[in-house]
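Colleague: Residue numbers (our numbering), protein chains in the order written: chain A, 12 to 198; chain B, 12 to 198.
Mixed in with the good hints there might be a few duds.
Identical copies look the same in the list; a pair holds intra-copy or inter-copy alike.
Said to hold, decoys possible - Simulated pairs of lysine to any residue, SDA-like, Cα-Cα distance not exceeding 25 angstroms: (1) Lys63 - Val174; (2) Lys87 - Pro177; (3) Lys51 - Lys61; (4) Lys19 - Arg46; (5) Lys61 - Val141.
Hint data in this document are derived by calculation from the structure and do not stem from the laboratory.
As the structure is a prediction and not an experimental result, all values here were calculated from the model.
There are 2 protein chains.
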Amino acid sequence: MPRVSATKRSILDAAVELASLNGITGTTMEDVAVRAGVAKGSVYYNFSSKDKLFEQLLLDGVGTLAETLREARGTKTGAPALRSMVDAILELVSNNQPMAKLIAAEIFRTDRSWQSPLQLVRREALAEFVAVIRHAHPDRPDAELMAGTVFGAVLVGGIEWLVFSPDRSLQEVSDSVMFMLSGQLAD
Amino acid sequence: MPRVSATKRSILDAAVELASLNGITGTTMEDVAVRAGVAKGSVYYNFSSKDKLFEQLLLDGVGTLAETLREARGTKTGAPALRSMVDAILELVSNNQPMAKLIAAEIFRTDRSWQSPLQLVRREALAEFVAVIRHAHPDRPDAELMAGTVFGAVLVGGIEWLVFSPDRSLQEVSDSVMFMLSGQLAD
Numbered sequence: 012m013p014r015v016s017a018t019k020r021s022i023l024d025a026a027v028e029l030a031s032l033n034g035i036t037g038t039t040m041e042d043v044a045v046r047a048g049v050a051k052g053s054v055y056y057n058f059s060s061k062d063k064l065f066e067q068l069l070l071d072g073v074g075t076l077a078e079t080l081r082e083a084r085g086t087k088t089g090a091p092a093l094r095s096m097v098d099a100i101l102e103l104v105s106n107n108q109p110m111a112k113l114i115a116a117e118i119f120r121t122d123r124s125w126q127s128p129l130q131l132v133r134r135e136a137l138a139e140f141v142a143v144i145r146h147a148h149p150d151r152p153d154a155e156l157m158a159g160t161v162f163g164a165v166l167v168g169g170i171e172w173l174v175f176s177p178d179r180s181l182q183e184v185s186d187s188v189m190f191m192l193s194g195q196l197a198d
Numbered sequence: 012m013p014r015v016s017a018t019k020r021s022i023l024d025a026a027v028e029l030a031s032l033n034g035i036t037g038t039t040m041e042d043v044a045v046r047a048g049v050a051k052g053s054v055y056y057n058f059s060s061k062d063k064l065f066e067q068l069l070l071d072g073v074g075t076l077a078e079t080l081r082e083a084r085g086t087k088t089g090a091p092a093l094r095s096m097v098d099a100i101l102e103l104v105s106n107n108q109p110m111a112k113l114i115a116a117e118i119f120r121t122d123r124s125w126q127s128p129l130q131l132v133r134r135e136a137l138a139e140f141v142a143v144i145r146h147a148h149p150d151r152p153d154a155e156l157m158a159g160t161v162f163g164a165v166l167v168g169g170i171e172w173l174v175f176s177p178d179r180s181l182q183e184v185s186d187s188v189m190f191m192l193s194g195q196l197a198d
């Protein structure tokens, strides 16, 4: 996440919490100011509009995801690369559940002003999965689509974990995801 | 989907379209009336509140999903059962993209008045995947979590398909999902 001032940080944190509860449409700049404990003018001083605020929020969130996946993959390939990236996503989701829910709700919307920058960063995050799939299957034309399905599985699995079985460890959830990918799910 | 009157149907259709564009919070009963071409009083006559309207909408959507998965599985087990259920979800998503997006955004929220009934029906839908996994692995304690990851993969894959590669056929997308589950993704 890029370095931002303490005020900016508290505004962004307030915004993601409110949006994960009430949706972006249901969150006003006034709500954000109250939750962040700052004046409404300060919110507008830091972000010129609500759209700009949520654009930065989502770009930060998905940008952090892309950076984390890049580090998690490193120079690994094959199943170890997948495992490392699955662990990294689960850790992110577990550390920032409101952001994970917001990303799950926003990443496929096509009607937002921040759609194009978000899609660019999203593509960057999926690129790490695409690279691992292409390394194994250079000729498959559907590497991006499959990268999306793996990402969806981990994101939904991670939210499911925190909402319905928070007693499981990250390692157990990661094992479940890897088993799902192992070809043994139904035999 | 249960049989409902033509007016009720046009209200439900208007509501799902608006909510997939503006979110549920961003959709008013007035907007729904205008879009459905009915009087606002008629919306309230059919659904006592906005919460009741969206509760019925989501229960219908997830209920249809559960029924479709039950039929798709039939008496099949193993990979053929998975394939048949994957195809069925992709067909549903493709026939009702706004509902698919709404379900993707709502199914993990924990703050809605319709949370408990929706979770019941959600469990019913996932139960079909759980049954296939348990048939193959009676002792795994994580069948529900894995069912959630498979469902997430197909839902995200389906939305990804329609938004980013609508030129692909359902069969191609289903092949991609089955390949993702085959254990060969990264080798």
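Colleague: Reference check for the pair Lys63 and Val174, CA-CA at most 25 angstroms: within, between, both, or neither?
Modeller: Result: close only across copies, 24 angstroms inter versus 30 angstroms intra.
Colleague: When Cα atoms must be at most 25 angstroms apart, do Lys87 and Pro177 count as within-copy, between-copy, both, or neither?
Modeller: Neither: 29 angstroms inside a chain and 32 angstroms across chains, both beyond 25 angstroms.
Colleague: I want to check one pair: Lys51 and Lys61. Are their C-alpha atoms no more than 25 angstroms apart within a copy, between two copies, both, or neither?
Modeller: Intra 12 angstroms, inter 30 angstroms, cutoff 25 angstroms: intra-copy only.
Colleague: Go through the copies and call it for Lys19 and Arg46: within, between, both or neither, with a Cα cutoff of 25 angstroms.
Modeller: Result: close within a single copy only, 13 angstroms intra versus 39 angstroms inter.
Colleague: At most 25 angstroms between CA atoms: does that hold for Lys61 and Val141 within a copy, between copies, both, or neither?
Modeller: Close neither inside one copy (33 angstroms) nor across copies (42 angstroms); limit 25 angstroms.
This entry does not satisfy hints 2 and 5, going by the numbered hints stated previously.
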